[in-house]
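Visitor: Keeping their order, the protein sequence lines are chains P and R.
Just so you know, we're using this note's numbering here: the first sequence kicks off at 1 and counts up by one.
Just so you know, we're using this note's numbering here: the second sequence kicks off at 1 and counts up by one.
Keep in mind that the hints were calculated from the coordinates and are not lab data.
All values reported here derive from a predicted model rather than from experimental measurement.
Be aware that a few hints might be false.
[To be verified] Negatives, chain R to chain P, calculated, CB over 12 Å:
no., residue
1, T95
2, G210
3, F355
4, I370
5, L396
6, F408
7, H465
8, G529
9, K622
10, G668
11, Y695
12, S776
13, F801
14, V812
[Said to hold, decoys possible] Mimicking BS3-like on lysine-lysine, the simulated pairs with C-alpha atoms at most 30 Å apart in a straight line are:
no., chain 1, residue 1, chain 2, residue 2
15, P, K79, R, K567
16, R, K215, R, K365
17, P, K79, R, K215
18, R, K567, R, K170
19, R, K215, R, K622
20, R, K567, R, K661
[As the list claims (entries may be wrong)] Taking beta-carbon pairs under 7 Å as the criterion, some of the chain R residues facing chain P (in silico):
no., residue
21, I33
22, W34
23, P37
24, G39
25, P300
26, T328
27, M344
28, M393
29, D405
30, V409
31, P473
32, G481
33, Y697
Note that beta-carbon positions come from the ideal geometry of N, C-alpha and C, so glycine has one too.
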Amino acid sequence: MTRRGFTTLGFTFGAATVLGGCSGPQSVFDASGAEAQEIMPLFWTVTGIAVAVTVLVITVSAIAVFAPVHWRRHLTSEKFVVAFGIFLPVFVLSGLLTYGLLVMQAGSARSRSAEGPGVTIIGEQWWWRVIYDGPEGEEIVSANELRLPVGRPVAIRLQSDNVIHSFWAPQLGGKLDMIPGRTNTLTVEAIEPGISRAQCAEYCGGAHALMSMYVVAMEPDDYRQWLEAEVNPATKPADAVRREGQRLFIAHGCGGCHAVRGTPAAGTIGPDLTHVGSRHSLAAARLPNDPQSFRRWLTDNQHIKPDNFMPEYDVFSDSELDAIAAYLDGLE
Amino acid sequence: MTHTLANGRPPAEYDLPNPDPRSDGEVEELLSIWARPTGWRIITAVNNTVIGIFYIGTAFLFFLLAGLLALVMRTQLAVPENDLIGQDLYNQLFTVHGTTMMFLFAVPAVEALGVMLLPQMLAARDLPFPRLSAFAVWAYVAGGLVFFSTVFYDLAPKGGWFMYTPLTLKEFSPGDNADFWLLGIGFIEISAIAGAVEIVVGTLKTRPPGMSLAKMPIFAWAMLIFAAMIIFAFPAVILGTMLLEIERSFDWPFFSAERGGDPLLWQHLFWFFGHPEVYIIFLPAAGLVSMIVSTMARRPLVGHDLIVVALIGTGFFSFGLWVHHMFTTGIPSLSLAFFSAASMAVAVPSGIQVFSWIATIAASKERFRINTPSLFVLGFLFIFTVGGLTGIMVALVPVDFQVHDSYFVVAHFHYVLIGGMVFPLFATFYYWLPMASRNMLSERVGRWVFWLMFIGFNVTFFPMHITGLRGMPRRVWTYPGDVGWDALNMISTVGAYIFAAGIALFVVDLARRFRPVITGSGGLDNPWGASTLEWLPNDVYSTRSIPLVTSRDPLWDQPNLPEEVEKGHHFLPNAPTGGRETIVTSAIEGRPQYIIRMPGPGFAHVIAAIFTAAFFLLLTIKAVTVAAICGVVAIVAMLVWTWGLDQGPGAGEVDIGAGVKLPTYMSGPSSHAWWATVVLVLVAGSLYLAYVFSYLYLWVVSPEVWAPNGSPSLPGVVWPWTSAGLVLAGGVSLMIASSLLPAPGQRGVAAPLLFVFTTICLVAAVATNLWGHWQSGLRPTENAYGAMVYMAGVLDGQLAFALVMMLAVAAVRCLAGRLDRVRRVSYENAALLFGYALLQILFGLLLVHGFPRAMS
Chain P
1 MTRRGFTTLG
11 FTFGAATVLG
21 GCSGPQSVFD
31 ASGAEAQEIM
41 PLFWTVTGIA
51 VAVTVLVITV
61 SAIAVFAPVH
71 WRRHLTSEKF
81 VVAFGIFLPV
91 FVLSGLLTYG
101 LLVMQAGSAR
111 SRSAEGPGVT
121 IIGEQWWWRV
131 IYDGPEGEEI
141 VSANELRLPV
151 GRPVAIRLQS
161 DNVIHSFWAP
171 QLGGKLDMIP
181 GRTNTLTVEA
191 IEPGISRAQC
201 AEYCGGAHAL
211 MSMYVVAMEP
221 DDYRQWLEAE
231 VNPATKPADA
241 VRREGQRLFI
251 AHGCGGCHAV
261 RGTPAAGTIG
271 PDLTHVGSRH
281 SLAAARLPND
291 PQSFRRWLTD
301 NQHIKPDNFM
311 PEYDVFSDSE
321 LDAIAAYLDG
331 LE
Chain R
1 MTHTLANGRP
11 PAEYDLPNPD
21 PRSDGEVEEL
31 LSIWARPTGW
41 RIITAVNNTV
51 IGIFYIGTAF
61 LFFLLAGLLA
71 LVMRTQLAVP
81 ENDLIGQDLY
91 NQLFTVHGTT
101 MMFLFAVPAV
111 EALGVMLLPQ
121 MLAARDLPFP
131 RLSAFAVWAY
141 VAGGLVFFST
151 VFYDLAPKGG
161 WFMYTPLTLK
171 EFSPGDNADF
181 WLLGIGFIEI
191 SAIAGAVEIV
201 VGTLKTRPPG
211 MSLAKMPIFA
221 WAMLIFAAMI
231 IFAFPAVILG
241 TMLLEIERSF
251 DWPFFSAERG
261 GDPLLWQHLF
271 WFFGHPEVYI
281 IFLPAAGLVS
291 MIVSTMARRP
301 LVGHDLIVVA
311 LIGTGFFSFG
321 LWVHHMFTTG
331 IPSLSLAFFS
341 AASMAVAVPS
351 GIQVFSWIAT
361 IAASKERFRI
371 NTPSLFVLGF
381 LFIFTVGGLT
391 GIMVALVPVD
401 FQVHDSYFVV
411 AHFHYVLIGG
421 MVFPLFATFY
431 YWLPMASRNM
441 LSERVGRWVF
451 WLMFIGFNVT
461 FFPMHITGLR
471 GMPRRVWTYP
481 GDVGWDALNM
491 ISTVGAYIFA
501 AGIALFVVDL
511 ARRFRPVITG
521 SGGLDNPWGA
531 STLEWLPNDV
541 YSTRSIPLVT
551 SRDPLWDQPN
561 LPEEVEKGHH
571 FLPNAPTGGR
581 ETIVTSAIEG
591 RPQYIIRMPG
601 PGFAHVIAAI
611 FTAAFFLLLT
621 IKAVTVAAIC
631 GVVAIVAMLV
641 WTWGLDQGPG
651 AGEVDIGAGV
661 KLPTYMSGPS
671 SHAWWATVVL
681 VLVAGSLYLA
691 YVFSYLYLWV
701 VSPEVWAPNG
711 SPSLPGVVWP
721 WTSAGLVLAG
731 GVSLMIASSL
741 LPAPGQRGVA
751 APLLFVFTTI
761 CLVAAVATNL
771 WGHWQSGLRP
781 TENAYGAMVY
791 MAGVLDGQLA
801 FALVMMLAVA
811 AVRCLAGRLD
821 RVRRVSYENA
831 ALLFGYALLQ
841 ILFGLLLVHG
851 FPRAMS
């Protein structure tokens with residue numbers, strides 16, 4: 001095989017491994033939402049054109065530099081410049097622009113059809129406050145995880161009361177900013193059940209890098225059941241250790257910042273913990289959701305997520321930490 | 001010369017302006033007049049070839065420093081969950097990296113090339129305002145170094161190079177870090193405006209006789225458009241930084257949503273500047289590429305006129321694109337569609353240039369010469385093409401929804417900026433270095449430098465496209481290991497070290513071979529066989545005589561030119577006024593008009609620059625008293641610097657050759673001072689337009705805080721009428737003063753009295769208006785409406801301050817016999833600016849008092 005052959009093979013193989021298949025929970029290539037899927041053909045079209053134009057420029061440049069005069073002289077007129085520098089781009093770009101606007105139109109149409117209950121997501125430093133429209137129209141406050149029903153366009157109202165954030169769940173679709181003083185509405189429609197990842201895309205200071213969350217797309221029936229459970233107050237501590245955990249939680253004033261519905265804890269500064277044990281992650285996808293992570297977070301959170309607004313608690317004994325972790329982990 | 005019959009054209013026929021042999025003493029006289037200060041006094045130098053080297057050297061230093069920050073960041077990102085540098089330092093590093101690269105490297109570097117190359121390219125003896133350039137350079141050196149050093153003591157800004165509000169407001173960014181960013185950009189604002197003045201006046205007024213606009217080198221065209229873009233783009237960010245600093249310091253709520261401001265106002269102002277900024281950086285680089293391509297092909301550019309149109313078109317279109325940085329802010333679909341279309345349209349001028357360069361390469365006589373400069377040009381062509389094409393991808397709104405603020409965009413703009421600016425800059429270093437150095441750089445090492453940089457660049461940045469598509473956002477100091485970004489990041493980090501190795505090799509070669517021409521003749525004579533005037537035999541005085549130009553490629557079409565110029569057979573072969581001087585020609589046709597007399601080395605502008613820098617720095621750390629003292633010193637130094645200017649017509653007329661007698665003094669619309677003031681007026685006007693936009697924008701966003709419903713009712717109409725009457729009275733008085741200026745050489749008292757009266761009227765007009773608002777109960781901290789109303793007063797007050805200084809100087813000069821009916825430039829400058837101030841103040845009264853009334 002020639003060197004060029006190897007190169008081509010290598011490139012194809014590389015491209016296939018790099019782009020194809022499962023490329024990650026936050027990858028636009030693994031589209032699982034309507035918008036993300038509609039964007040991909042446009043993306044591949046413009047990528048194809050970009051590759052073609054690059055090859056064209058390299059080829060004519062190579063001819064211009066290396067070819068004998070009788071080849072080169074075809075490229076030396078202003079007609080050549082006008083044809084390739086004006087007509088070609090105008091023609092190609094007009095087509096692309098039209099295509100792009102059509103894809104945008106499809107997105108707008110989906111927005112208009114999003115009639116069911118929606119979700120409000122408020123960007124915080126550096127986590128997400130997630131508020132579902134409940135079955136009775138009530139607000140169901142949650143945090144750091146977004147659940148969606150499959151097959152229905154859902155309007156997500158994006159807000160912030162601090163700095164600008166941006167909500168981006170690449171598998172579902174594009175991003176939209178959360179801007180103080182405004183409400184931007186992003187309509188997403190999950191096509192298939194599954195778990196993907198969302199991340200803040202607008203630099204929002206300090207721990208911007210650590211502001212993510214999981215997006216869980218569920219079958220409509222599962223979603224309905226989950227939402228009905230989410231309305232409920234927190235489950236009662238099941239055993240003595242957890243009861244002790246709850247006592248410590250309340251006694252040390254955790255409720256000043258965190259709410260656990262059904263208990264005296266009703267703070268709104270930090271994430272709502274009513275059903276924290278049922279989420280797929282802790283601290284905005286910074287840690288896995290297990291008792292060990294709760295312990296680490298309590299004592300070491302300024303290392304895990306520097307500058308976050310929660311103080312580190314070094315007043316607890318080992319057994320007390322275990323108790324609090326068990327209590328929180330049990331809040332399903 | 002081998003290029004005599006380039007393009008098949010016969011050499012143009014012309015009579016030598018000074019055919020007779022010259023006397024021997026002239027060269028010595030020129031040498032002593034233009035001598036560069038030696039030793040440490042070199043800092044007082046104003047010769048463009050000296051400060052040009054300081055300027056480029058400093059810009060390149062910032063490139064290296066900001067590049068080192070990038071290496072540290074790439075090392076941090078090499079592996080997931082890395083703890084090498086913490087979050088806070090990383091956030092400072094990427095902010096300082098971006099800010100330094102854009103504001104302390106890219107813009108100053110292209111300006112520096114203008115300072116360094118334009119006078120020689122136009123065969124002028126120096127820039128029209130040598131001390132202004134030197135001032136800008138020293139303010140930039142001092143301010144830039146202090147700004148950069150904040151990264152060493154945890155004081156660096158960490159709001160990102162575009163410093164979005166409200167993250168950068170006091171509430172979310174306490175401490176002085178953000179203020180240092182505002183300071184850093186303050187210096188680039190000063191030096192950019194100074195550069196725009198120099199370049200507009202330099203390209204339009206100091207071309208050699210016979211060089212009409214059509215014969216002007218393409219780089220000069222690019223710089224002229226560059227300067228025009230600065231005039232209209234920079235004021236938006238100047239206003240933005242003023243608003244942000246005022247909100248940070250005095251709590252005027254321009255950007256706070258809860259009091260009627262809007263965080264997006266910052267984004268509009270920033271990107272109205274920020275997008276043209278990209279082309280401000282790229283156009284000069286494209287101009288340099290055009291010149292190098294033509295030389296290496298030994299042919300004039302194919303499609304020269306198309307390229308000029310493309311440059312102008314790019315400049316024009318670039319102002320209609322800013323919203324494409326804001327596609328994901330939730331703006332309406334119609335705007336998205338418009339700005340998407342405009343963003344694509346700007347690809348056409350770039351297409352024209354790319355294919356013109358290829359056509360020129362194809363038209364090469366024999367073959368296109370491959371050497372280090374042309375390798376960098378070809379590398380640029382590839383990288384810039386890829387960056388342009390990914391630019392089209394991000395211009396497609398739905399694609400942008402996905403890739404915006406991801407590593408895809410990081411890849412895209414590094415392809416555009418490193419491809420579009422850094423590669424041409426290295427081509428320029430290799431190509432033009434012989435102008436400033438006795439040695440050329442090593443061709444053998446140059447190949448290594450190029451290939452290391454080219455391969456390193458692509459290995460670093462190409463994978464980032466994919467990293468971004470896999471969901472990695474920008475500006476993250478770490479990332480998890482299980483999302484598919486680790487291998488790609490490691491590749492990018494390896495590439496970054498390869499790229500850095502190339503640059504390190506360049507620095508070593510530069511250290512070994514760069515020998516600046518301090519004394520004696522300027523560098524090598526035309527080693528590349530180029531066609532433009534900077535390759536004429538040179539010395540400290542530039543060329544021995546200023547050539548009569550009959551062609552766009554004078555060194556190819558006028559084969560005897562170097563010899564004729566060197567023997568003094570062309571214009572102004574001597575120094576008839578006994579000082580520094582050059583020929584001023586008409587803007588379009590290049591007809592000689594007068595001799596401009598220029599200042600030489602001095603301390604005043606250096607002191608002014610250092611103390612201007614100190615003023616801003618001390619203000620940043622809130623040392624107000626010391627800052628004020630430094631400000632006063634800076635102003636005094638500026639007064640000393642300008643006192644000796646405007647020397648008057650004492651030197652009479654001089655003969656420059658070909659029977660042309662030129663005056664040595666000029667006032668009015670032909671004079672360079674008049675043009676410079678017009679440039680400043682345009683800057684002030686753009687600043688005010690940005691203000692008017694901001695006022696109306698905030699009204700659209702928050703009409704509920706506007707008078708009369710959301711704020712105290714406007715003061716009665718007697719206030720604006722009084723204010724208008726006062727400023728008009730000042731205008732009339734200044735007009736009368738014109739006819740009361742003393743006879744030439746005399747001192748006068750009447751005109752200075754009128755200047756004082758004008759000053760009083762002006763200050764009273766501004767104060768009356770502000771007092772009217774104050775007594776109506778309106779406060780600037782109350783809401784966005786109040787802040788905007790008082791901001792109009794700040795902008796008027798700023799003009800009034802400048803005019804008070806100028807009129808005071810005019811009054812003193814008149815009393816000292818330095819301002820009269822003929823020698824009147826200091827009066828004219830003040831009058832021109834006053835005329836503008838009058839219009840601005842009247843328009844402002846109409847807006848602030850009329851608009852809310854009309855809307856209610």
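Visitor: Look at each hint and say if it fits the structure.
Guide: The hints, checked one at a time:
1. Remark: the non-interface label on T95(R) conflicts with the geometry, its nearest Cβ contact in chain P lying 9 Å away (cut-off 12 Å).
2. Residue placement check: G210(R) keeps its beta carbon more than 12 Å from all beta carbons of chain P (closest about 26 Å).
3. With a least CB separation of 4 Å from chain P, F355(R) falls inside the 12 Å interface cut-off, contrary to its annotation.
4. Once the 12 Å rule is applied to beta carbons, I370(R) is inconsistent with being away from chain P; the minimum gap is 7 Å.
5. For L396(R), the requirement that its beta carbon stay farther than 12 Å from each beta carbon of chain P is not met, with the minimum near 4 Å.
6. Not every Cβ of chain P is farther than 12 Å from the Cβ of F408(R); the closest lies at roughly 9 Å, contradicting the non-interface assignment.
7. Its beta-carbon lying about 9 Å from the closest one in chain P, H465(R) breaks the requirement of being farther than 12 Å from that chain.
8. Distance check on G529(R): its Cβ is at least 18 Å (rounded) from any Cβ of chain P, clearing the 12 Å threshold; non-interface status holds.
9. Listed as outside the interface, K622(R) is consistent with that label: its C-beta sits roughly 23 Å from the nearest C-beta of chain P, beyond the 12 Å cut-off.
10. At roughly 42 Å, the least C-beta separation between G668(R) and chain P is larger than 12 Å, which holds for a residue marked as non-interface.
11. Residue-level check passed: Y695(R) sits 18 Å from the nearest beta carbon of chain P, beyond 12 Å.
12. At roughly 26 Å from the closest C-beta of chain P, the C-beta of S776(R) stays outside 12 Å, upholding its exclusion from the interface.
13. With a closest Cβ-Cβ approach of about 34 Å to chain P, F801(R) is found to remain outside the 12 Å limit, as its non-interface label requires.
14. Distance check for V812(R) against chain P: the nearest CB is about 51 Å away, which clears 12 Å, and the non-interface claim stands.
15. With a CA separation close to 43 Å, the supplied pair K79(P) and K567(R) exceeds the 30 Å bound.
16. For the suggested pair K215(R) and K365(R), the alpha carbons sit about 22 Å apart, so the restraint of at most 30 Å is met.
17. For a cut-off of 30 Å, the pair hint linking K79(P) to K215(R) stands: about 22 Å separates their Cα positions.
18. Restraint check for K567(R) and K170(R): not satisfied, since their Cα atoms lie roughly 65 Å apart, outside the 30 Å limit.
19. For the given pair, K215(R) sits about 52 Å from K622(R) by alpha-carbon distance, which is inconsistent with the 30 Å threshold.
20. Proximity of K567(R) to K661(R) is assessed by CA-CA distance (about 21 Å); at most 30 Å being required, the pair is judged to hold.
21. With 7 Å as the threshold, the beta carbon of I33(R) stays out of range of chain P, its nearest partner Cβ sitting at about 46 Å, so the hint is violated.
22. Among the interface hints, the one on W34(R) is violated; its C-beta lies about 42 Å from the nearest C-beta in chain P, farther than the 7 Å criterion.
23. For P37(R), the suggested interface contact is broken, since its CB lies about 46 Å from the closest CB of chain P, more than 7 Å.
24. Annotation: G39(R) was flagged as interfacial toward chain P, and the flag is violated, the nearest CB pair being 48 Å apart, outside 7 Å.
25. For P300(R), the suggested interface contact is broken, since its CB lies about 11 Å from the closest CB of chain P, more than 7 Å.
26. Given hint, T328(R) at the interface with chain P, holds; its Cβ is 5 Å from that chain's nearest Cβ, closer than 7 Å.
27. For M344(R), the interface hint holds, since its Cβ comes within 7 Å of a Cβ in chain P; the closest pair sits about 4 Å apart.
28. For M393(R), the interface hint holds, since its Cβ comes within 7 Å of a Cβ in chain P; the closest pair sits about 5 Å apart.
29. Against a cut-off of 7 Å between C-beta atoms, the interface hint on D405(R) holds, since the closest Cβ of chain P lies about 4 Å away.
30. Hint status for V409(R): violated, given a least beta-carbon distance of 10 Å to chain P, over 7 Å.
31. Because the closest C-beta pair between P473(R) and chain P is about 5 Å apart, less than 7 Å, the hint holds.
32. The criterion of a C-beta within 7 Å of any C-beta in chain P is not met by G481(R), whose closest approach is roughly 11 Å, and the hint is violated.
33. Interface restraint check for Y697(R): the shortest CB-CB distance to chain P comes to about 13 Å, outside 7 Å, so the restraint is violated.
Checked against the numbered hints given earlier, this structure breaks hints 1, 3, 4, 5, 6, 7, 15, 18, 19, 21, 22, 23, 24, 25, 30, 32, 33; the rest are met.
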